[in-house]
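*Asks:* Take these sequences, add in the hints, and give me the full structure.
Residue numbers (our numbering), protein chains in the order written: chain V, 19 to 427; chain W, 19 to 427; chain X, 19 to 427; chain C, 19 to 427.
Heads up, some of the hints might be wrong.
Identical copies look the same in the list; a pair holds intra-copy or inter-copy alike.
Dumping the calculated EDC-like pairs for lysine to aspartate or glutamate here, alpha-carbon to alpha-carbon at most 16 angstroms [what the hints assert, rightly or not]:
#1 K367 <-> D220
#2 K69 <-> E347
#3 K193 <-> D134
#4 K367 <-> E224
#5 K77 <-> E89
#6 K268 <-> E258
#7 K249 <-> D354
#8 K379 <-> D220
#9 K367 <-> E347
#10 K123 <-> D85
#11 K130 <-> E50
#12 K379 <-> D22
#13 K379 <-> D217
#14 K274 <-> E224
#15 K268 <-> E63
#16 K25 <-> D160
#17 K41 <-> E72
#18 K77 <-> E271
#19 K41 <-> D171
#20 K123 <-> E196
Think of the hints as simulated: they come from the structure by calculation, not from any bench.
Each chain is listed here by its residues.
There are 4 protein chains.
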Amino acid sequence: MARDVKKVVLAYSGGLDTSVILKWLQTTYNCEVITFTADLGQGEELEPARKKAELLGIKPENIFIEDVREEFVRDYVFPMFRANALYEGLYLLGTSIARPLIAKKQIEIARKMGADAVSHGATGKGNDQVRFELGYYALEPDITVIAPWREWDLTSRTRLLEFAEAHQIPIAKDKRGEAPFSVDANLLHSSSEGKVLEDPADDAPEYVYQRTISPEEAPDEATLITIAFDKGDAVAINGEALSPATLLTKLNELGKANGIGRLDLVENRFVGMKSRGIYETPGGTILLAAHRGIESITLDRGAAHLKDELMPRYAELIYNGFWFSPEREMLQAAIDYSQAYVTGEVTVKLYKGNATVIGRKSPYSLYNQELVTFEEGAVAYDHRDAAGFIKLNALRLRTLGSRARKISE
Amino acid sequence: MARDVKKVVLAYSGGLDTSVILKWLQTTYNCEVITFTADLGQGEELEPARKKAELLGIKPENIFIEDVREEFVRDYVFPMFRANALYEGLYLLGTSIARPLIAKKQIEIARKMGADAVSHGATGKGNDQVRFELGYYALEPDITVIAPWREWDLTSRTRLLEFAEAHQIPIAKDKRGEAPFSVDANLLHSSSEGKVLEDPADDAPEYVYQRTISPEEAPDEATLITIAFDKGDAVAINGEALSPATLLTKLNELGKANGIGRLDLVENRFVGMKSRGIYETPGGTILLAAHRGIESITLDRGAAHLKDELMPRYAELIYNGFWFSPEREMLQAAIDYSQAYVTGEVTVKLYKGNATVIGRKSPYSLYNQELVTFEEGAVAYDHRDAAGFIKLNALRLRTLGSRARKISE
Amino acid sequence: MARDVKKVVLAYSGGLDTSVILKWLQTTYNCEVITFTADLGQGEELEPARKKAELLGIKPENIFIEDVREEFVRDYVFPMFRANALYEGLYLLGTSIARPLIAKKQIEIARKMGADAVSHGATGKGNDQVRFELGYYALEPDITVIAPWREWDLTSRTRLLEFAEAHQIPIAKDKRGEAPFSVDANLLHSSSEGKVLEDPADDAPEYVYQRTISPEEAPDEATLITIAFDKGDAVAINGEALSPATLLTKLNELGKANGIGRLDLVENRFVGMKSRGIYETPGGTILLAAHRGIESITLDRGAAHLKDELMPRYAELIYNGFWFSPEREMLQAAIDYSQAYVTGEVTVKLYKGNATVIGRKSPYSLYNQELVTFEEGAVAYDHRDAAGFIKLNALRLRTLGSRARKISE
Amino acid sequence: MARDVKKVVLAYSGGLDTSVILKWLQTTYNCEVITFTADLGQGEELEPARKKAELLGIKPENIFIEDVREEFVRDYVFPMFRANALYEGLYLLGTSIARPLIAKKQIEIARKMGADAVSHGATGKGNDQVRFELGYYALEPDITVIAPWREWDLTSRTRLLEFAEAHQIPIAKDKRGEAPFSVDANLLHSSSEGKVLEDPADDAPEYVYQRTISPEEAPDEATLITIAFDKGDAVAINGEALSPATLLTKLNELGKANGIGRLDLVENRFVGMKSRGIYETPGGTILLAAHRGIESITLDRGAAHLKDELMPRYAELIYNGFWFSPEREMLQAAIDYSQAYVTGEVTVKLYKGNATVIGRKSPYSLYNQELVTFEEGAVAYDHRDAAGFIKLNALRLRTLGSRARKISE
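*Replies:* Next comes the structure, spelled out in structure tokens:
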């Protein structure tokens, strides 16, 4: 722990925990601290973080605050949605996908400022420590990584508060007591876990949800929207072209208002344990449905099925923190290749928790009404071809059947 | 076509189309026809089929009617749900999974009755012809298969009706006109496709739905149910032990009443074209959610992820008609192996189209609250282990990072 | 069969069979025939094919002869070798990989010459008909395909010879009798199958082999060669830069002389039956070993393992004739992405059937001698990290172990 | 490190290193040491290990020596060969597959003797520590694991020898100096790595090889053998029924004499680095070829291709030490299911490094000579079926082709 560190770039939220880390880094490592605070769409003001950093003695030139929402959605969220990625069949990876971007920004600042270390506020039991640190190491292999939660002895709430008081760190009133659960949020989702949520047999209390109203509270009238896609990415809602982050923000509003995107999940962490999380991904839930909708008419079966088979692996890589890995990039190359004509419009019905595709059209549609019709006269399809198709597909099964009969005789 | 056939076992619904086929087989092949009518839970009386067969000249001993609902759910639906099978990410394979059972029954009757041929009423453009015939050939490699829709010239509605009239086949009044779409149904689902549904840009009209009320019409109060599982199969609802078919029937009622299980899908057929289907799988939709729920606490990550990776292939095999194939059986062996401790209870909330898992418990739960808690003192987990875990997972990425830096220099 | 065809582009070898096809097309379809003869490195003169075509009445402007060896190796063989493709674990896909190129050339000529049909000489039981025709259809969806072996009645050797005589097609003396087996050859390999080779219990007679001497006849001294790679493709042998086709030709000579590349295989055809083939791929066998060798030091584990998992699917696609398919192209995109730094030199020892990698080096090597050494003091590796790595990898297994113990108690 | 340990079961070879570990355990942990020495076919006498253990103060009842060769081959090697497992395309996993068995035996002894810890002699940089310890933890989740090489300070040869001398541990003369490389051996293979082998650009010196003569030294005459299989496992050589271990021993002799089974490989370790190993697997190399040979006629295509696709994952699991994991067992269930009719005889030609299958036969053969013959009259195959088969396989490609043409227009 007594590693020699001169300058450290800390992922700083401005909250109590990372403020304590800030001080702890200064006092333990006797090093210069640079703070990086990102607007990922978590829904918090950033300027208070600047003020607080200054208050804690950080020099203005060492305070970095950046709005990365467009980069986040364009370069991380959208590529992931091209893959229809779901971890363990259900989770839209909202926390996982933000970590690599934060890691990348910290490393960029470290290079610019000549820092030799980076630090984050993730605990020693979660996935986020892995995601941050794999990102750091992949981008800057010789960087020193400081993970205070794995190093320090402030491992109870009491000790943490004592340390804060001892170092004149302001403590918001509502932080004095124990939070009933912990939260992570960005433009894609918010997650809640721990404490009152720890028993997977118990329903999550309604007050846990922050980003969606409940389906019960949602309007009794459905909302229909049309999402336009270009090469696999959403580009417009109801005819209005929107930037990636603006579009996702708009989808979040629509999803929230219609009670869409809640998930109560017990998942398997990379570090080896099961945990329970409550996720709210209103816009992402709509986006996934719509993307599958536009793919359904523009993607060939071979491409679609290959994507489906690769998806669990791809999602696992992102969940485990391997965004900056050759295998994720290889899969991305395959996925992106498939999206060249995933262009068109999808109509989605939003109603009390449901996001249902009810129409899709595309200039590149592979759906051929003439082919599919029951009536005779369709072009390019001779019913008798099916006989040969079945016969040859059956040939190996018939050979097996003959063997089975011979054996049983 | 002038194949020599003595006795043919026909999958007979009692409807107009298969009645025409019955007559056509008699007149074209000059052969004895045996009818097989199965109760798969399609929701139709079977005795009228017997009457109609008799009317068309089938000898009583050649009429086979069987209630196969329990066998269907126990040996086909449940094994498939152990896999969490979804075709193209969304379709619960309701039609696909029924075909192998019908094929198997026809072959059994053919053997018993000394028949040398089997026949079905599936068209020449769909998947069902493949599913029936691959089943026939796998189980009885030398059987003769007659697929009237690929052979005859009754390829328009007009000609079909003319044939029916010419052969004194009774035509229900509502069959005179064109049906606005075609339907398949069994205990797992009903599907609707064709005609008014052919344009994937247009929303499906409400009258298409037959097995579910709309979410809008569903009650304003949520219904909570508890489903018990034993070794991966559902065995009880709200504490009441139920046989497989009874249980699925009950889930269907619950799903129907809550507007659950509708799907509007453009899918890729095995025969090479895209088609659009409206599926209603009320009970199955609840069952999938619940099964994933019980797996989430009883299945290890390694098993769960392997299952997720194998699933698309497994679903594709069933969709394409390869139920009776060694590769489906191999995958089933792997899947079934994983289910030994998938036992416990899941609470599902049913509300206006949503089937949401809100609680799960099991005597075999792998969820360990002590492990996951944020506080210190947890057993079996040392935060510092995470450092080594990350370091070694990062090692190859750091090596790559060093190379990248060397190259860019 | 009585399809209306005006001009057909025939894949013409100049041999007896395709000459008969040529005449049969003229007489059956009463259409203009354009011949396409490619030099794929099969080791035959092409000018006799021109003479023979002229003799059979083809106008000079309708005779196309092209040396496609460089294109073949550069755009088909090398991309496939980037994947280390082996069908069923052993077969280097020598025949499969040539068919798409021939199909593409035929379609190009058809477009240029305004032809409305294409034809080939592949039989109705093999894979090649599928490979040719999937290529035709993918590139020119409305083309008419004529497959004489599936259409005509010249299905015995006797009838074929009678037809040839009746149409003044010259018959080489050695073609009068039955060939003891049939052969396909190109720059990558030659294959032999049928007749004397049909019983898989019997060893292939030595006279079947045409492109390799036997290991027994090969020199008693090993030959060492160094192959240089650039971005996954071989570019030089023993320091001499060579074009793709020249390089493969050179490897073929080296392989032949050392008895390398023979394979006696029972394989599964796409059309549903098993067949037995004798393959000789001297240069390809060396190339695969060398490519794996250079990848072993330049490819990261994540990339390497993903490639290994995707390979069987990729090889199957090529074997089955799906070269021009989105899924093959997606996989190729992933594979090609991985090859950016697969650059360096591999030393291979050639000796009596063995091609053994004995050394590899690269400016982009990821092998780090300092890391791997047993002694202390190695950079970047702390033995204690392994403890944490193992502990967290074991965590889920321990949880399972605890459950197992609880159950057995 | 100051963990409280009462009794530890040490995997003890009787060599210098594990003797030092024995003493170090006694002195550091002040605990009772139980030694376990297994005959895995490594080719060393076991009684000297007993003597040495006694000499070092181990009580006779604490010395366990067991011949586990039959169990090793029957329950570990053979199941793995059913999968045709190759790590990174080439490595037969000889070291990896032995570790789980040793771990299992140690745990069994620990239970029987009431020991609370286990220990092994694997270093902190290799895969074996992971394999041992994952095995320990899976089977006995609360066991204490002592890995001396990660704990002690005897990290140089000099210190190790000093410790040995200080504790009266006998040092064989040839152990005084540095070994030029390190070795692991069992009935399946021997591996050599380190020191003189560390530069992957340099050929391995001939003296490294211990279990095979070189192809150059092997006889000029080929040796033909016939291996009989029953349900996927080899059961006889040249008609003589042999137990698993006896059979593998016999294959090793045959392989050794013919220079078969050498591999010079740079591989990716689970702990994140690349390493270079020289492997000799004479019998296993023959066995793999023969097993693929018998599968080629008895396994259906669907089963065979699924096996090929699952294999890399299966091999990786074994390499990484996850033998006792649900996912390995699930894959094993699938693989074993496929082997029910993998029964018959394969003839293999052994010649100077080559193990070539030249014939195979089986009472359950799926190879059908009648089907494959070129001539007319073959049963069960109508050439015209191929037209329909191709047409429907092409349908989606034609649809794509039409779209491509429309786009380019």
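*Asks:* Take the hints in turn and mark each one as holding or not.
*Replies:* Evaluation of the provided hints:
| no. | hint | result |
| --- | --- | --- |
| 1 | K367 <-> D220 | between (31 angstroms within a copy, 12 angstroms between copies) |
| 2 | K69 <-> E347 | neither (39 angstroms within a copy, 53 angstroms between copies) |
| 3 | K193 <-> D134 | neither (32 angstroms within a copy, 44 angstroms between copies) |
| 4 | K367 <-> E224 | between (24 angstroms within a copy, 14 angstroms between copies) |
| 5 | K77 <-> E89 | neither (27 angstroms within a copy, 62 angstroms between copies) |
| 6 | K268 <-> E258 | within (11 angstroms within a copy, 45 angstroms between copies) |
| 7 | K249 <-> D354 | within (9 angstroms within a copy, 21 angstroms between copies) |
| 8 | K379 <-> D220 | between (43 angstroms within a copy, 9 angstroms between copies) |
| 9 | K367 <-> E347 | neither (34 angstroms within a copy, 35 angstroms between copies) |
| 10 | K123 <-> D85 | within (11 angstroms within a copy, 53 angstroms between copies) |
| 11 | K130 <-> E50 | within (15 angstroms within a copy, 57 angstroms between copies) |
| 12 | K379 <-> D22 | neither (60 angstroms within a copy, 36 angstroms between copies) |
| 13 | K379 <-> D217 | between (45 angstroms within a copy, 9 angstroms between copies) |
| 14 | K274 <-> E224 | within (14 angstroms within a copy, 26 angstroms between copies) |
| 15 | K268 <-> E63 | neither (19 angstroms within a copy, 51 angstroms between copies) |
| 16 | K25 <-> D160 | within (14 angstroms within a copy, 41 angstroms between copies) |
| 17 | K41 <-> E72 | within (12 angstroms within a copy, 58 angstroms between copies) |
| 18 | K77 <-> E271 | neither (38 angstroms within a copy, 66 angstroms between copies) |
| 19 | K41 <-> D171 | within (14 angstroms within a copy, 36 angstroms between copies) |
| 20 | K123 <-> E196 | neither (31 angstroms within a copy, 48 angstroms between copies) |
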